[in-house]
Amino acid sequence: MKKYWFPSLLILTFLLSAIGHYADWNPTLQFVISAIAVIFVAGFLGKATESVSHYAGQRLGGFLNATFGNAAELIIGILLVSNGQFEIVKASITGSIIGNLLLVLGLSLFAGGLKYKIQNFNVSLAGLNGSLMILGIIALFVPAIFLNTHALQSEDKNVVSLVVAGILIVAYLLWLVFSMITHKDYLADVTEDSEEQLPHEHAPMWSKGRSIVYLIVATVMVAFVSEWLVHTLDTFTEKFGLSEIFVGAFVVAIVGNAAEHSAAIMLAMKNKIGASVEIAIGSSLQIALFVAPVLIFVSHILGRPMDIVFTVIELAAIGVSVFIAKSITQDGSTNWYEGLLLLAVYGILGVSFYLV
Amino acid sequence: MKKYWFPSLLILTFLLSAIGHYADWNPTLQFVISAIAVIFVAGFLGKATESVSHYAGQRLGGFLNATFGNAAELIIGILLVSNGQFEIVKASITGSIIGNLLLVLGLSLFAGGLKYKIQNFNVSLAGLNGSLMILGIIALFVPAIFLNTHALQSEDKNVVSLVVAGILIVAYLLWLVFSMITHKDYLADVTEDSEEQLPHEHAPMWSKGRSIVYLIVATVMVAFVSEWLVHTLDTFTEKFGLSEIFVGAFVVAIVGNAAEHSAAIMLAMKNKIGASVEIAIGSSLQIALFVAPVLIFVSHILGRPMDIVFTVIELAAIGVSVFIAKSITQDGSTNWYEGLLLLAVYGILGVSFYLV
Amino acid sequence: MKKYWFPSLLILTFLLSAIGHYADWNPTLQFVISAIAVIFVAGFLGKATESVSHYAGQRLGGFLNATFGNAAELIIGILLVSNGQFEIVKASITGSIIGNLLLVLGLSLFAGGLKYKIQNFNVSLAGLNGSLMILGIIALFVPAIFLNTHALQSEDKNVVSLVVAGILIVAYLLWLVFSMITHKDYLADVTEDSEEQLPHEHAPMWSKGRSIVYLIVATVMVAFVSEWLVHTLDTFTEKFGLSEIFVGAFVVAIVGNAAEHSAAIMLAMKNKIGASVEIAIGSSLQIALFVAPVLIFVSHILGRPMDIVFTVIELAAIGVSVFIAKSITQDGSTNWYEGLLLLAVYGILGVSFYLV
Chain A
1 MKKYWFPSLL ILTFLLSAIG HYADWNPTLQ FVISAIAVIF VAGFLGKATE
51 SVSHYAGQRL GGFLNATFGN AAELIIGILL VSNGQFEIVK ASITGSIIGN
101 LLLVLGLSLF AGGLKYKIQN FNVSLAGLNG SLMILGIIAL FVPAIFLNTH
151 ALQSEDKNVV SLVVAGILIV AYLLWLVFSM ITHKDYLADV TEDSEEQLPH
201 EHAPMWSKGR SIVYLIVATV MVAFVSEWLV HTLDTFTEKF GLSEIFVGAF
251 VVAIVGNAAE HSAAIMLAMK NKIGASVEIA IGSSLQIALF VAPVLIFVSH
301 ILGRPMDIVF TVIELAAIGV SVFIAKSITQ DGSTNWYEGL LLLAVYGILG
351 VSFYLV
Chain B
1 MKKYWFPSLL ILTFLLSAIG HYADWNPTLQ FVISAIAVIF VAGFLGKATE
51 SVSHYAGQRL GGFLNATFGN AAELIIGILL VSNGQFEIVK ASITGSIIGN
101 LLLVLGLSLF AGGLKYKIQN FNVSLAGLNG SLMILGIIAL FVPAIFLNTH
151 ALQSEDKNVV SLVVAGILIV AYLLWLVFSM ITHKDYLADV TEDSEEQLPH
201 EHAPMWSKGR SIVYLIVATV MVAFVSEWLV HTLDTFTEKF GLSEIFVGAF
251 VVAIVGNAAE HSAAIMLAMK NKIGASVEIA IGSSLQIALF VAPVLIFVSH
301 ILGRPMDIVF TVIELAAIGV SVFIAKSITQ DGSTNWYEGL LLLAVYGILG
351 VSFYLV
Chain C
1 MKKYWFPSLL ILTFLLSAIG HYADWNPTLQ FVISAIAVIF VAGFLGKATE
51 SVSHYAGQRL GGFLNATFGN AAELIIGILL VSNGQFEIVK ASITGSIIGN
101 LLLVLGLSLF AGGLKYKIQN FNVSLAGLNG SLMILGIIAL FVPAIFLNTH
151 ALQSEDKNVV SLVVAGILIV AYLLWLVFSM ITHKDYLADV TEDSEEQLPH
201 EHAPMWSKGR SIVYLIVATV MVAFVSEWLV HTLDTFTEKF GLSEIFVGAF
251 VVAIVGNAAE HSAAIMLAMK NKIGASVEIA IGSSLQIALF VAPVLIFVSH
301 ILGRPMDIVF TVIELAAIGV SVFIAKSITQ DGSTNWYEGL LLLAVYGILG
351 VSFYLV
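Residue numbers (my numbering), protein chains in the order written: chain A, 1 to 356; chain B, 1 to 356; chain C, 1 to 356.
Next up, chain A with everything else stripped away, as it sits in the complex (with noise of 0.2 Å):
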């Protein structure tokens, strides 16, 4: 009885969202649906990450959950460059930055922490993430300042955002060389090793193969319910005269980023912290590195060249958080009270974000 009430409930609120969204039913009832349903593909989606990082390993487990999660984004990123909306899709590019380093990996650290007192990982990957995030913020800071201190031509601007976006996408790159192939040793789990002696505690529910394939079809899912959710939401915008760049930075990210959530806080309740924290910084990674710049490009194939200058207080936004992500990262080290840290800068962008 209990094995079969979670998918049929899954299945159940996805097919009434898709209904909803397609016969286009009163907004706030379609939101209410589709946040139920994110809930059910979301903790789906965490499974099946879970249970592909039992047979790939915590790292490479987060890097997939990463990257399926992000497709969804890059799908919408697409739609929204396509449309010539190249504000929004900034701002829900900060936001995704802003929402994985500090809201997912602040509840993340919260909910291990209270559950074990020190959670460990690989104190090397932890300074590469850092000098990763680093390079994402150099690559939006440096065009930024030259083009405000000097007024350019808006060919000299295209040429630097395709040359930096260019750079950004071979340095992603041969960073999943770098960590999946010739340092891979160097960047493992501390815990990893003393995990094999507890086989039986992470036993997985499913096949290696069918973990894979639920793990494709969860994020599909996920994208689906997403954009739906997100696509109720520009009503809500409307009648609680919220600014487009909050929903974007604050709204669409938590909704967006609901399954990586659920996986990373479920991991590092299970002490797989290593996971958890490739979840969000390699999540933030990605946006930074590999969608952002790729949305440039295409949106430069699709002959509507969006730039790469962010506004001031994007820049800020992303800043201060890789800053306050960094400091807490960096010794390989976490607690409670260090997911506690990032929340509350997560809250001082919040209000900041909400009055402007």
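Just so you know, not all the hints are guaranteed correct.
Here are the simulated DSS-like pairs of lysine-lysine, each with C-alpha atoms no more than 27 Å apart in a straight line [stated by the list, open to error]:
no.	chain 1	residue 1	chain 2	residue 2
1	B	239	C	157
2	B	270	B	184
3	C	157	A	184
Please keep in mind that the hints were generated in silico from the structure rather than gathered at the bench.
Just so it is clear, the structure is predicted and the values come from calculations on it, not from any experiment.
Go by the hints and put chains B and C onto chain A.
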């Protein structure tokens, strides 16, 4: 004989300073007497702190010292807020933060480092202190950036200020829970073990109860003498043509933190660098995360709302101080040259503030 | 036979380059000859450095290399200051700092990392280098921020510049005392012990005395050839329409640091990463904390006062370079990907400076 000269001079200079203040003697005379009295009361406070620190452990002792030291600043701040002198309040908050991070910490590391080649303190504490400092900076930077780039209504400015102040106070109180209760051992002083083996070296002068009473009495005396001394400085400001911000950020900070100075340096020279750092960094954290936000709430209660927006040069001064202090302390190991680097930054800020 | 071709070509290209310069040959021909000569003299300097480094230890060898390398820059700087070409001086100071931190260090870590999976150097040195870099940034940022937000009189600007320059020179000289005298062992190279076991591998070509003489001769040759080469670049600047700041910050920096490049990369590939880092970071620190302040004093002595205020994009470029270099080196462990990250930032700055 030797036993009585110190308390005698302590009481004598304190009384003379009090009489001079209330009888409104010549300002120059008042200044000289108060300055001498400060030396004695600061020495008294240093001894009381050391004694309490013997019973309570380095960290709790340092915390008590920082709290009693900042009680004076809180009282002076409330007086200034009730007079609507917001610029001076913010300048003296700035001065307390940079004075503690650069001057007190710098002199402690320098003096301790001349005597001991390398001094170590808990590296986990160093990391957390760094993250807390960053939270303090973010809380000041974010409102300033958002309010400078988007003209907000006065009401919204107050909302941001109150929410951010509330977040800081909660974060500070939970930091006490974390550092004093849930993770006390984790942040314990690294040298405490070895101290146990040398109890005779640190034999305290007074009993536990008497030490605590003396700590409170000394703090109250420091608060009074500091205020009398600061009072005479107003006359000096006009006489020598110094700007209010320079007096607030440097003169008041040096005099007002005399107690922290003497205690921190004395502890560093006894190789209790953990307690020194706790006084210097703990005191600046307490100002940023507790005293400043409480003053904002008090200003609203008094009906003269003060916002949290500091000037660009105040933010720059706090920012660079945190940046260098974090870099120097994050490895939990200090030497004389690192103290000197902090003093160099203090000098750079000093000449810049002097000429503005 | 093999023994003589290198010195022969070294002297031949050097002489041809000299004749071309003084006989005022065709600029393109001068450029080609000087560029070839630079390769040989840089190679000669690299060998001499390696030999001296064998006798003196990695760090002292690296320091000597950095000092001799920057002697050339100091001389060129004095010539430019006496001509009142302050913008070019500041652009080339900027270029030297970012060239050393990003290009020289980046290529060293990359080349060394391709050969050795992980390379380690003294972690305490890494931390102190980071703090010194931050002092250098603060010394440039604080005057710029104070002077931009408060219109100061020219006289006050000079006072700030001289005081800050004086503080930097004192800090640099005391750093030499600290690192060469009081804490020499503390900062010793981590791999030195293991080297002792393999003396035959590093057997030097020359005696100690001859190595030192060759180091001085090679440095002088590099200084001359660099200047001749830089001289030809002025013509190129006009021909290809490059901005002065791009030429100063990139072309001059690459050519003028050819010696550091070759020496640092060669040492990295021999697993002497400590010496590589000392050359790259040590050289940029020497420029920021010694060469730049000395040029300010010289400018006042020559009666053409130069201030310490750099442009916004120069500050941004130096700031991001320090930020990423500090993040990458602070754990005292390096790999090929970290080198690549530094080169990515160099590329981002390069395209931005190119288009301004």
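Taking the earlier hints as the rules, which of them does this structure contradict? 3
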